[in-house]
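Using UniProt numbering, you'd call the opening residue of the sequence shown number 1 and step up by one each time.
Think of the hints as simulated: they come from the structure by calculation, not from any bench. Be careful, since some hints might not be right.
Said to hold, decoys possible - Across the chosen pairs, the derived CB separations fall in these ranges:
no., residue 1, residue 2, range
1, Ala218, Arg12, 23 to 29 Å
2, Arg124, Arg10, 39 to 45 Å
3, Asp123, Gly37, 37 to 43 Å
4, Arg125, Ala269, 41 to 47 Å
5, Asp18, Gly158, 43 to 49 Å
6, Arg71, Ile213, 49 to 55 Å
7, Ile213, Pro246, 21 to 27 Å
8, Gln233, Ser21, 51 to 57 Å
All C-beta atoms in this analysis are idealised placements derived from N, C-alpha and C, irrespective of residue type, glycine included.
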Amino acid sequence: MIEVSGLTKRYRDTVAVDDLSFTVEEGDLFALLGENGAGKSTTISCLTTLLDYDSGDISVDGLRRPDDDYRIREQTGVVFQQSILDPLLTARENLRLRATFYGLGMDRVDELTEMIGLGEFIDRRYGVLSGGQKRRVDIARSLLNRPRTLFLDEPTAGLDPGSRSQVWESIQDLRDELGLTIVLTTHYMQETESADDVLVLDHGKVLARGTPIALRAAHSAARLLLAPAPGHQYSELTDILLSRVPQADWRVEGGSVVSTVPDSATALAVLKEAEHAIADFQFIQGSMDDVFLNLTEGGAAPATRRAEPEPGASEPVVGAEEHQHPARRAEPVEDGGPR
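Using the sequences and the accompanying hints, generate a full structural model.
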């Protein structure tokens, strides 16, 4: 378990981490989410004894900073943004060298090579490996001392989608197989979907915390796209939609009615009632990107009702108001949900 209370770190006049408090349960995958400069890396550096801090309390697996810094380093593993391995040595040579620091032999290197799937490139020079391969070697290096807690600072930064997927597969396997507590930082919103707990940071302050499901429910909205069937009008679809979701925020765009809906069950109810009038539909679940944008920007601007012709009309309808249900105009949604 990790416990942080009132953590504050300043760089001269800049407050990088501002009175930060949180707890990470044992065995959890905990994600610190935020843009560059949000305070993620500074927080990780304080937790891993790399940085001193101005005020607050930090406890890692029952060990307290700064009194137990040496023991914290013994019992944790860290994957840094920038590699610390020798580019001229092979991956195996790098791991063997690091293993000697802990008094370990090749058995541990072989074990990690098998566990993380390094066999195809273990005897290649580290400097010629791909970004994803390097990162997996870095993870193996961080596990040599059999840590209880693993810290990863932007583990997939700069990697292509395929490499990111491979690294994430390794991280999730480690959590499942070893029961590690994993704390990672990322600015890739979609990567937090697999986390047990997410802390959203902005300028060193906590904006929100919760499971991905809870954060999406509180700070994003699903969207339903309805394309009218031939002979049916946008207004017919919006009447059905607003009978089910009176506070729906909707617009006509790209030949479809695009609307917020609270959940998939509501979307199914709308689709069932409107099935005779739709040619196609799409349901888009709220995402962590929506969550982050709404939290950091206070929500997007109110939706604009675009003036588009009804299906089969020869001229665009003048004035978007003609496409609006009288009960729903373009006022902002109270919870600041995405448009």
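How the hints compare with the structure:
Between Ala218 and Arg12 the Cβ separation comes to about 36 Å, which falls outside the hinted range of 23 to 29 Å. Checking the proposed 39 to 45 Å range against Arg124 and Arg10 shows it holds: the Cβ atoms sit about 43 Å from each other. The hinted range of 37 to 43 Å is satisfied by Asp123 and Gly37, whose Cβ atoms lie roughly 39 Å apart. The hinted window of 41 to 47 Å between Arg125 and Ala269 is violated, with their beta carbons roughly 59 Å apart.
Restraint check, Asp18 to Gly158: a C-beta distance of roughly 28 Å breaks the suggested window 43 to 49 Å. Between Arg71 and Ile213 the Cβ separation comes to about 36 Å, which falls outside the hinted range of 49 to 55 Å. Roughly 25 Å separates the CB atoms of Ile213 and Pro246, a value that falls within the hinted 21 to 27 Å. In this structure the hint that Gln233 and Ser21 lie 51 to 57 Å apart at CB holds, the actual value being about 54 Å.
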